[in-house]
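A.B. asks: If you read the sequences in order, they're chains S and H.
Number 608 in this note's numbering belongs to position 83 of the first sequence; there are no gaps in the numbering.
Number 668 in this note's numbering belongs to position 143 of the second sequence; there are no gaps in the numbering.
What the hints contain is simulated information worked out from the structure, not anything from laboratory work.
All of these numbers come straight from a predicted model, not from anything done at the bench.
Virtual Cβ for every residue (Gly too), placed ideally from N, Cα, C.
Do not take every clue at face value.
Residues of chain H clear of chain S, computed beta-carbon distances all greater than 12 Å [said to hold, decoys possible]:
hint	residue
1	528
2	536
3	559
4	562
5	574
6	585
7	591
8	593
9	596
10	602
11	616
12	620
13	637
14	666
15	672
Restraint-style ranges between C-beta atoms, simulated for each label pair [to be verified]:
hint	chain 1	residue 1	chain 2	residue 2	range
16	H	670	S	565	29 to 39 Å
17	H	573	S	658	17 to 27 Å
18	H	664	S	584	33 to 43 Å
19	S	584	H	627	44 to 54 Å
20	H	561	S	567	52 to 62 Å
21	S	549	H	564	29 to 39 Å
22	H	606	S	632	26 to 36 Å
23	S	549	H	657	38 to 48 Å
24	H	598	S	603	14 to 24 Å
There are 2 protein chains.
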Amino acid sequence: MYQIIHRVGIAASPGEVYKALTTDEGLSTWWASDTSGAGEVGSIIQFRFNGEGPDFEVIELVTDSIVHWRHSGNMPEAWMGTEVSFRLQADEDQTYVLFLHENWKQSSDFMGHCSTKWAVFMLSLKQALETGMGRPHPHDIHIDHDE
Amino acid sequence: MYQIIHRVGIAASPGEVYKALTTDEGLSTWWASDTSGAGEVGSIIQFRFNGEGPDFEVIELVTDSIVHWRHSGNMPEAWMGTEVSFRLQADEDQTYVLFLHENWKQSSDFMGHCSTKWAVFMLSLKQALETGMGRPHPHDIHIDHDE
Chain S
526 MYQIIHRVGI AASPGEVYKA LTTDEGLSTW WASDTSGAGE VGSIIQFRFN
576 GEGPDFEVIE LVTDSIVHWR HSGNMPEAWM GTEVSFRLQA DEDQTYVLFL
626 HENWKQSSDF MGHCSTKWAV FMLSLKQALE TGMGRPHPHD IHIDHDE
Chain H
526 MYQIIHRVGI AASPGEVYKA LTTDEGLSTW WASDTSGAGE VGSIIQFRFN
576 GEGPDFEVIE LVTDSIVHWR HSGNMPEAWM GTEVSFRLQA DEDQTYVLFL
626 HENWKQSSDF MGHCSTKWAV FMLSLKQALE TGMGRPHPHD IHIDHDE
């Protein structure tokens, strides 16, 4: 199994970061402007990029600490069986976010694309919380000329 | 073993990308402004960030296609035994770069930091080649407040 891993430090409280990861309003500031369904464990979040997937089920929440999703329904084939988690760690003047997208069956060009793209969105999350203006899709940074 | 993977598409020829990965002049436009020693297989490239490592030995070069380095000497402990490679693939209007930093013994906060930071530098490589102005250290994007 393969994983994508990232880590950023954000000048915001764990509570502020947690809100940005667990509410439609928060998620739409940094990943997909078109986000719906975020809520408690068991809820299905629908992220839409030009009208298409992915969906994730919320499978674990620990307030201000852990956010854990599993693929659900509408999903690129390579993402089937994968899980995404965010682990928050408070430091003196920032909150660290350790991001994992785990259980990839194989390493591939597409996995490389997704890893770089997740980095772009982690920086968008940081920017959203620190400046009030993230770069969610469709305002995201493009990493190649096919996007 | 764990790996970091990234992929970007750059509006430049494979020859231009290859030059940016195999010469002091090219490498200093996107990773570390203070770079020396780049050359043929067997050469030791010294990248300096505020006067400190890392060094990499060039272990494989295929013109306009593959650049492969192995850690050498001065290096963060977690990077010992790791290898970095860039694989270029020409497409219609861009050159794809598949980046790998392989053979990590464990997944860690530091690995997450490095993965996000490599993404920042892959975007710097893209920017350097497409606009003539990358963001090599010390002009790189900071991903936390300890850098």
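A.B. asks: Work down the list of hints and note, for each, if the structure agrees.
C.D. replies: Checked hints:
no., hint, result
1, 528, "violated, 7 Å"
2, 536, "violated, 6 Å"
3, 559, "holds, 24 Å"
4, 562, "holds, 27 Å"
5, 574, "holds, 18 Å"
6, 585, "holds, 19 Å"
7, 591, "holds, 15 Å"
8, 593, "holds, 16 Å"
9, 596, "holds, 19 Å"
10, 602, "holds, 18 Å"
11, 616, "violated, 8 Å"
12, 620, "violated, 10 Å"
13, 637, "violated, 3 Å"
14, 666, "violated, 7 Å"
15, 672, "violated, 8 Å"
16, H/670 to S/565: 29 to 39 Å, "holds, 32 Å"
17, H/573 to S/658: 17 to 27 Å, "violated, 34 Å"
18, H/664 to S/584: 33 to 43 Å, "holds, 41 Å"
19, S/584 to H/627: 44 to 54 Å, "violated, 30 Å"
20, H/561 to S/567: 52 to 62 Å, "holds, 56 Å"
21, S/549 to H/564: 29 to 39 Å, "violated, 53 Å"
22, H/606 to S/632: 26 to 36 Å, "violated, 18 Å"
23, S/549 to H/657: 38 to 48 Å, "holds, 41 Å"
24, H/598 to S/603: 14 to 24 Å, "violated, 38 Å"
Hints 1, 2, 11, 12, 13, 14, 15, 17, 19, 21, 22, 24 from the earlier list are contradicted by this structure; the remaining hints agree with it.
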